[in-house]
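Chemist: Heads up: the protein sequence lines correspond to chains A and B, in order.
Numbering-wise (the working numbering), the first sequence opens with residue 1 and increments by one.
Numbering-wise (the working numbering), the second sequence opens with residue 1 and increments by one.
No false leads were slipped in.
Examples of chain B residues toward chain A, derived with CB under 8 Å:
# : residue
1 : A36
2 : G40
3 : S54
4 : Y149
5 : G166
6 : F261
Read the hints as simulated data drawn from the structure, not as lab findings.
Note that beta-carbon positions come from the ideal geometry of N, C-alpha and C, so glycine has one too.
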Amino acid sequence: MDRRGFLKAAAIAATGALTAPRLSLAADNKTLRFIPQANLANLDPIWTTQYVVRNGSLLIWDMLYGVNDQLEPQPQMCEGHEASADFKTWTFKLRPGLKFHDGEPVLAKDAVASILRWMARDATMGGPIKKRMDALEVVDDRTFRFRLNQPYPKMLFALGKSSTPSLFIMPERIAATDPFKQITEYVGSGPMRFNKDEWVPGAKAIFEKFDGYAPRSEKANWLSGGKRINFDRIEWQIVPDVATAAAALQNGEVDWWETPSSDLVPLLKQNPNVAVDIADPLGNIGSFRINHLHPPFNDVRARRAIQIALSQEDYMGAVVGSDQALWKTLPGFFTPDTPLYTENGGEPLKGKRDYALAKKLLAEAGYKNEPVVLLVATDVGITKAQGDVTADLLKRIGVNVDYQALDWGTVGQRRAKKEKPSEGGWNIFHTWHAGADCVNPAPYIALDASGDTAWFGWPKSDLVQEKIGAWYAAPDLAAEKVAIAELNKAAMDHVVYVPTGFFKGYQAWRKNVSGVVKAPFPVFWDVTKA
Amino acid sequence: MLSYIARRIVATIPVVLMVALFVFSLLYIAPGDPAAIIAGDQATPADVERIRASLGLDRPFLVRFFDWFWHVLHGDLGTSIFTNLPVTHMIAQRIEPTVSLMTLTLILSLSLAIPMGVIAAWKHGTWIDRAVMMTAVLGFSTPVFVIGYVLAYIFALRLDWLPVQGFTSISEGLLPFLRNLILPAVALGLVYMALIARITRATMLDVLSQDYVRTAKAKGVGQRGVLFLHALKNAAVPIVTIVGIGFAALIGGAVVTESVFAIPGLGRLTVDAILRRDYPVIQGVVLLFSFVYVLVNLGVDLLYTLFDPRIRY
Numbered sequence: 001m002d003r004r005g006f007l008k009a010a011a012i013a014a015t016g017a018l019t020a021p022r023l024s025l026a027a028d029n030k031t032l033r034f035i036p037q038a039n040l041a042n043l044d045p046i047w048t049t050q051y052v053v054r055n056g057s058l059l060i061w062d063m064l065y066g067v068n069d070q071l072e073p074q075p076q077m078c079e080g081h082e083a084s085a086d087f088k089t090w091t092f093k094l095r096p097g098l099k100f101h102d103g104e105p106v107l108a109k110d111a112v113a114s115i116l117r118w119m120a121r122d123a124t125m126g127g128p129i130k131k132r133m134d135a136l137e138v139v140d141d142r143t144f145r146f147r148l149n150q151p152y153p154k155m156l157f158a159l160g161k162s163s164t165p166s167l168f169i170m171p172e173r174i175a176a177t178d179p180f181k182q183i184t185e186y187v188g189s190g191p192m193r194f195n196k197d198e199w200v201p202g203a204k205a206i207f208e209k210f211d212g213y214a215p216r217s218e219k220a221n222w223l224s225g226g227k228r229i230n231f232d233r234i235e236w237q238i239v240p241d242v243a244t245a246a247a248a249l250q251n252g253e254v255d256w257w258e259t260p261s262s263d264l265v266p267l268l269k270q271n272p273n274v275a276v277d278i279a280d281p282l283g284n285i286g287s288f289r290i291n292h293l294h295p296p297f298n299d300v301r302a303r304r305a306i307q308i309a310l311s312q313e314d315y316m317g318a319v320v321g322s323d324q325a326l327w328k329t330l331p332g333f334f335t336p337d338t339p340l341y342t343e344n345g346g347e348p349l350k351g352k353r354d355y356a357l358a359k360k361l362l363a364e365a366g367y368k369n370e371p372v373v374l375l376v377a378t379d380v381g382i383t384k385a386q387g388d389v390t391a392d393l394l395k396r397i398g399v400n401v402d403y404q405a406l407d408w409g410t411v412g413q414r415r416a417k418k419e420k421p422s423e424g425g426w427n428i429f430h431t432w433h434a435g436a437d438c439v440n441p442a443p444y445i446a447l448d449a450s451g452d453t454a455w456f457g458w459p460k461s462d463l464v465q466e467k468i469g470a471w472y473a474a475p476d477l478a479a480e481k482v483a484i485a486e487l488n489k490a491a492m493d494h495v496v497y498v499p500t501g502f503f504k505g506y507q508a509w510r511k512n513v514s515g516v517v518k519a520p521f522p523v524f525w526d527v528t529k530a
Numbered sequence: 001m002l003s004y005i006a007r008r009i010v011a012t013i014p015v016v017l018m019v020a021l022f023v024f025s026l027l028y029i030a031p032g033d034p035a036a037i038i039a040g041d042q043a044t045p046a047d048v049e050r051i052r053a054s055l056g057l058d059r060p061f062l063v064r065f066f067d068w069f070w071h072v073l074h075g076d077l078g079t080s081i082f083t084n085l086p087v088t089h090m091i092a093q094r095i096e097p098t099v100s101l102m103t104l105t106l107i108l109s110l111s112l113a114i115p116m117g118v119i120a121a122w123k124h125g126t127w128i129d130r131a132v133m134m135t136a137v138l139g140f141s142t143p144v145f146v147i148g149y150v151l152a153y154i155f156a157l158r159l160d161w162l163p164v165q166g167f168t169s170i171s172e173g174l175l176p177f178l179r180n181l182i183l184p185a186v187a188l189g190l191v192y193m194a195l196i197a198r199i200t201r202a203t204m205l206d207v208l209s210q211d212y213v214r215t216a217k218a219k220g221v222g223q224r225g226v227l228f229l230h231a232l233k234n235a236a237v238p239i240v241t242i243v244g245i246g247f248a249a250l251i252g253g254a255v256v257t258e259s260v261f262a263i264p265g266l267g268r269l270t271v272d273a274i275l276r277r278d279y280p281v282i283q284g285v286v287l288l289f290s291f292v293y294v295l296v297n298l299g300v301d302l303l304y305t306l307f308d309p310r311i312r313y
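Whenever a hint applies, use it, and build me the whole structure from the sequences.
Modeler: What follows is the structure, given as structure tokens:
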């Protein structure tokens with residue numbers, strides 16, 4: 001290339017560089033760049049119960065029923081259903097025209113195979129249905145039927161539940177995968193296809209619009225209604241560092257950040273191009289999880305000592321800071337501002353904290369200064385904050401606390417150990433439960449008090465189990481409320497666990513993005529970008 | 001020379017083997033359970049147990065080790081527990097950002113640090129020397145992530161010249177490639193630059209006091225010729241040594257830098273894998289890093305012969 005040729009080529013290249021931003025701007029409003037709450041390391045919503053996987057799956061797979069913002073299950077893939085008067089026979093019919101991403105029609109056999117795989121892993125609702133089930137049969141291409149030997153009035157809620165594992169409908173060949181092994185094909189019938197070729201786990205996940213999707217005619221409302229996507233492409237960008245994520249949002253490199261750190265929210269609120277609002281109105285419930293198997297907390301008096309000494313204000317201040325809009329005290333187990341919320345039996349968590357009485361109760365329970373093992377996942381802000389407050393609380397009531405700073409992966413392993421605390425077991429760990437999972441007992445695994453088969457801590461109370469059963473049998477909302485009030489009191493009296501308060505989180509997005517709603521999961525339908 | 005290279009490459013095999021055994025043993029005794037992470041908070045203890053069994057994590061140590069090692073010998077680093085993707089595929093996806101970052105960092109660091117060290121030695125005791133040394137101390141003592149945040153704040157948020165995060169492949173154009181990498185490379189390179197500048201200065205000071213330098217000056221060789229042809233070449237052996245040793249620091253720094261700038265490289269892959277206890281990925285990446293480190297040091301040894309003909313293998 002001679003000098004003139006070089007100059008000419010350079011001029012063309014420079015012109016190209018100048019015009020490129022205009023071209024990309026035109027295409028830019030068809031691409032949504034989103035920072036999810038965590039890394040999307042896999043995409044099997046049955047194999048794993050991680051929320052981030054459920055959130056990605058909501059784009060790829062559709063559900064038979066979907067809850068709206070009143071937590072009512074609405075038909076989604078189903079056209080409708082028929083239930084027998086005794087709630088033992090449930091017949092469902094699929095909508096016509098449903099298609100998988102590979103072009104195959106969605107048939108009743110796909111739904112049946114998907115239900116069977118889900119049942120094998122869903123201990124809260126799928127498992128109980130399976131136990132009652134005589135048959136789950138294909139009637140015709142669009143119809144399938146449950147035949148149960150006991151009534152199950154909560155069937156629609158089970159099929160549409162948003163807590164993990166949710167029931168997603170996959171092609172029969174994929175749903176036939178062992179539920180304890182990962183699927184390798186991501187073919188659904190949801191509004192977006194997953195682009196596996198561009199997937200870099202830990203960095204990005206790409207979803208592309210599925211033109212064959214047939215949305216319902218109703219307006220979208222959480223997981224129900226017409227899921228209309230206004231983007232050709234949704235890019236999930238994994239940004240592990242919160243300061244970098246905040247900077248990227250301010251700089252316009254991403255459009256929407258699912259879980260901004262509460263520390264950075266004041267900074268984001270100052271930016272005129274960024275909108276900030278509560279993400280999930282159902283929030284979260286902090287948990288002081290107690291091991292019921294070993295002293296001192298195998299004695300209910302020791303558990304009550306914690307209940308009357310624990311200050312939820314202290315915990316919430318440590319978890320979310322001074323922003324009063326983000327938290328409230330919670331003298332109960334169920335999600336505030338939902339139909340079944342109750343404070344019945346919650347008195348021990350109200351009023352002045354009584355350290356003297358707590359010490360007395362501990363002494364009565366036979367506590368003699370043995371080390372109490374507190375597992376603290378220091379790599380997760382919420383558990384670290386709660387753990388620090390607990391260490392202080394335990395010292396105040398004269399407990400010899402053995403604070404074990406670990407990462408979440410290790411806490412996950414240690415909490416499964418039933419051995420004595422001195423032999424690798426534990427007495428206390430902290431976590432939190434999504435408010436969406438605490439609206440009723442069905443998805444609320446942490447409230448189960450069945451002993452050996454209960455969640456970590458293994459609480460055992462026949463009365464609690466009886467009240468859970470009463471809720472399942474309740475024929476209407478009024479009866480459900482009675483059952484839940486009694487359940488709340490029984491669980492409080494037994495101290496199944498101690499709630500440390502109710503807290504919410506923020507989400508943030510660029511102001512050229514509209515249609516972002518408050519929900520327990522990111523809702524991409526009806527979102528637009530100018 | 002060729003037989004020396006062959007012998008050194010053969011010698012890397014037991015080193016890499018030892019690393020493999022060490023890493024595998026360390027992961028085996030380390031606490032943590034990928035099955036519990038996969039199952040999530042809503043899963044029952046029985047589910048966690050079944051997942052552990054399906055992943056083969058309930059098998060004895062030796063069975064797992066030899067199974068893994070047998071596959072490694074066949075070029076198969078295994079499959080990620082979490083993504084179900086082959087580890088080699090995951091490494092291949094991440095190698096370009098890390099190699100790009102390290103290469104750019106090396107180019108930036110060497111092209112600035114060596115002249116800085118030479119000039120500091122030449123102007124020994126002057127304000128230039130002190131300024132260079134002060135910069136080196138600052139580079140040494142400031143953590144990489146602090147430098148990263150400050151650079152992102154100034155050049156991305158305030159001036160809006162460069163992006164905060166991400167990576168663009170060189171196949172999409174040199175300019176976008178450099179726009180994404182320049183801040184991380186500077187952040188990562190400052191420590192390296194400080195290290196090399198200090199060593200260059202110290203070695204040059206020593207060399208500049210040698211008789212042959214005085215002779216060169218007496219023969220009328222110009223200042224530039226003395227510094228860069230006579231002195232620097234003789235100071236090169238310690239400099240090259242420190243470049244090789246510093247490569248380990250560069251790998252460690254890349255882990256932090258990739259997290260701060262959200263670069264999808266091997267450093268982030270390692271951190272993610274460690275946090276999740278994705279054993280096959282951790283083992284694969286550590287093996288790769290150890291192999292590369294051994295090769296870099298072999299390269300350094302070979303470079304000695306280039307700078308000092310008295311060294312023969």
